[in-house]
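Trainee: Protein chains in written order, with this note's numbering: chain A, 1 to 503; chain B, 1 to 167.
Bear in mind the hints are in silico, worked out from the structure with no lab data behind them.
Since no wrong hints were added, every one of them can be taken at face value.
Cβ-Cβ distance ranges computed for the label pairs, FRET-style: (1) B:R2 - A:P473: 42 to 52 Å; (2) B:G33 - A:V480: 26 to 36 Å; (3) A:S462 - B:W21: 27 to 37 Å; (4) B:I17 - A:V480: 25 to 35 Å; (5) B:L84 - A:I474: 51 to 61 Å; (6) B:R2 - A:L195: 22 to 32 Å; (7) B:I130 - A:Y493: 54 to 64 Å; (8) B:R2 - A:S462: 38 to 48 Å.
Now the stretches of chain A that chain B is said to cover, found in silico as 3 or more residues with beta-carbon under 8 Å: (9) 168-176; (10) 396-406; (11) 450-457.
Here the structure is a predicted model, which means the values were calculated and not measured.
Using N, Cα and C, we set each Cβ at its ideal position, and we do this for glycine too.
Listed below are the residues making up each chain.
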Amino acid sequence: MEILSFLIDGIFLALEPTNLILIVIGVTVGLFIGAMPGLGSVNGVAILLPITFLVPPASAIIFLAAIYYGAMYGGAISSVTLGIPGASTAVATTFDGRPLALQGRASLALVTAALASFVGGTVANIFFTLFAPVLASAALSFGPPEIFALMLLAFATFVGLSGDDVPKTIFSICLGLVLATVGFDTISGAPRLVLFEIDGFLRGIGFIVLAIGVYGIGEMLWTIEQTRGEVTTTNPKMTVKGMASDAKEAVQRGWKGTWIGSFIGFFVGILPAAGATPGSLMSYGVAKMLSRNPEEYGRGSPDGVAAPEAANNSASTGSMLPMLTLGIPGSPTTAILLGGMVIWGLVPGPRLFVDETEFVWGLIGSFYISNIAALVINLAFIPLFIWMLRMPFTILAPLIFVLSIIGGFAASRSMHDLWLIVIFGLAAFFLRKFDYPLAPAVLAIVLGPIAEPTLRQSLLLSSGDPMIFFNRPIAGPITVVAIILILLPALKYLRRKKPVAKG
Amino acid sequence: MRQGEISLAGLLALFSIYLMWKATELPIGYISGRGPGGGFWPFWLSLAMLLSCVAIAFNWWRGKTPASRSDEPFMDSFGWLTLLNVGGGVVAFVALISVVSMYGAIALFLLYYLRFLGRHSWPLTLAISILLPIGLFFFFEAVMLISMPQGMAFTQPFFDVMYDIIY
Chain A
1 MEILSFLIDG IFLALEPTNL ILIVIGVTVG LFIGAMPGLG SVNGVAILLP
51 ITFLVPPASA IIFLAAIYYG AMYGGAISSV TLGIPGASTA VATTFDGRPL
101 ALQGRASLAL VTAALASFVG GTVANIFFTL FAPVLASAAL SFGPPEIFAL
151 MLLAFATFVG LSGDDVPKTI FSICLGLVLA TVGFDTISGA PRLVLFEIDG
201 FLRGIGFIVL AIGVYGIGEM LWTIEQTRGE VTTTNPKMTV KGMASDAKEA
251 VQRGWKGTWI GSFIGFFVGI LPAAGATPGS LMSYGVAKML SRNPEEYGRG
301 SPDGVAAPEA ANNSASTGSM LPMLTLGIPG SPTTAILLGG MVIWGLVPGP
351 RLFVDETEFV WGLIGSFYIS NIAALVINLA FIPLFIWMLR MPFTILAPLI
401 FVLSIIGGFA ASRSMHDLWL IVIFGLAAFF LRKFDYPLAP AVLAIVLGPI
451 AEPTLRQSLL LSSGDPMIFF NRPIAGPITV VAIILILLPA LKYLRRKKPV
501 AKG
Chain B
1 MRQGEISLAG LLALFSIYLM WKATELPIGY ISGRGPGGGF WPFWLSLAML
51 LSCVAIAFNW WRGKTPASRS DEPFMDSFGW LTLLNVGGGV VAFVALISVV
101 SMYGAIALFL LYYLRFLGRH SWPLTLAISI LLPIGLFFFF EAVMLISMPQ
151 GMAFTQPFFD VMYDIIY
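Please work from the sequences and hints to get the whole structure.
Mentor: Below is the structure:
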């Protein structure tokens, strides 16, 4: 009951006129920043951080959390309409969101994404409200072996569940992981893999550079070449009645993915090093695995949009948990929020819930209000995003190229990275022609910087014994499931071959 | 397509070997008391890439992939021309950024694409090519506070006028 009364106070605080206006502005700004390829919640929060010094700390963090929420909703928009994931958390949304858009069902994809995000955010809010301190300490029991096992599971879902060519999928994952190691060895500090001795590689290769190259340039070139420049998105239509029927269809065909994403997303999100990207990927994999029609995935399944979208929203709320209760940021955005809190004179950690009750519950209350505001604002803007798709492709294509290049520069501020985007784009075009799946490479470059240090720390802990991944109570089962998933294609192959051998 | 698939696998195998060799610049084994060396992770992953290329070649030899069974050319003349026009346009766009600034390069790229590849009318082409870079200027420079490359000195008068509007 005490929690309920704190929560009601928090919601009333979030509904104060100043805070409500900040929520609406924050969500709208976040939505558009998130929808822009190359810009994500981290850019929005970082750029607008100085503005928050004009208002009290509780209002400031409410504003920043609203931007965070808006950007999480916005990430799906560029994944669906442009086929470019605006942020790593929205990569899995392109798998089914883009095919739906190409079938003229962009509205269904966007409505599904919005509703799934709302449910994901709500489930996470309820978990957050009820179990924050308990879950935070449970998450701490995840050491390097457990986190590495989780990363292994994320990659295994790709190998085991993708219908693609297995050696090409493995190649793609390894390529992404190797590209993530370019720059400096984070443990010894020594320069590593400075390709062709070009100094620009000392800065490493960012996720956004590969993602924009692959999706913004490579995929576009491939589409133009395949369709001879006559891309049809089967005339997307947008009416209030149509949106209502899309909402109904989204609920009917996307509910399973939504629930899977909401739960998995939250629990992966609260792990200090993991975050929303592995959460959304795993949710997609699990939703596909549990589906009665797994063959629909990748061809425009509403469940395939709902699972990652529910997960990334749920995980963003989840990642606030270790930040507030332990002072450990789970993502770059929460790291900036943490920095803001320190500047405002607050000390994140277990005492925060006791010492700054009004602040904490105001923030939690704002999660609920931001979530509702984000749903309403997102649904209101869907016609605008659909209108973009009705543009002739000979106008849309150059706009996508322009947004890719300018967005790529905004994210990296380096001409070296712009040239890399072009090179990755051309390389992706040729790889795509020969059916190399490229999404695993894009996700691997995001997860690589988490996977490598945790593997090395684990092996250091065990003096080089790989059994550390098997004989710990949490890491062991996860590793075993990952290995079974990796071996799944081989098992399927043997099962198919057996009757033939008998016959 | 058949020839193309094995050639690409060969190129990727060579790239994997190059990465393995580069990874050996740092220790690739286990260092007592310090754990795996800095080259450990990229070296074994590059080896896995190489082995994947061998598996891809094996599948090609068995005719397991659609490309390995196809006698069609990799791309016809229309495909190559499209790649040259569109891909070449993007390369020229990025090359021009250091000369005529980001916004100038955007305007030229849009002009080229909309008028010569898209065959849109001059009024529409000019409207988009002029208004979009200006809109992007205000979004990035004024709202997001991100400075884009300004090209060579001759573009400065344009930026002076635009910054006067912002500040």
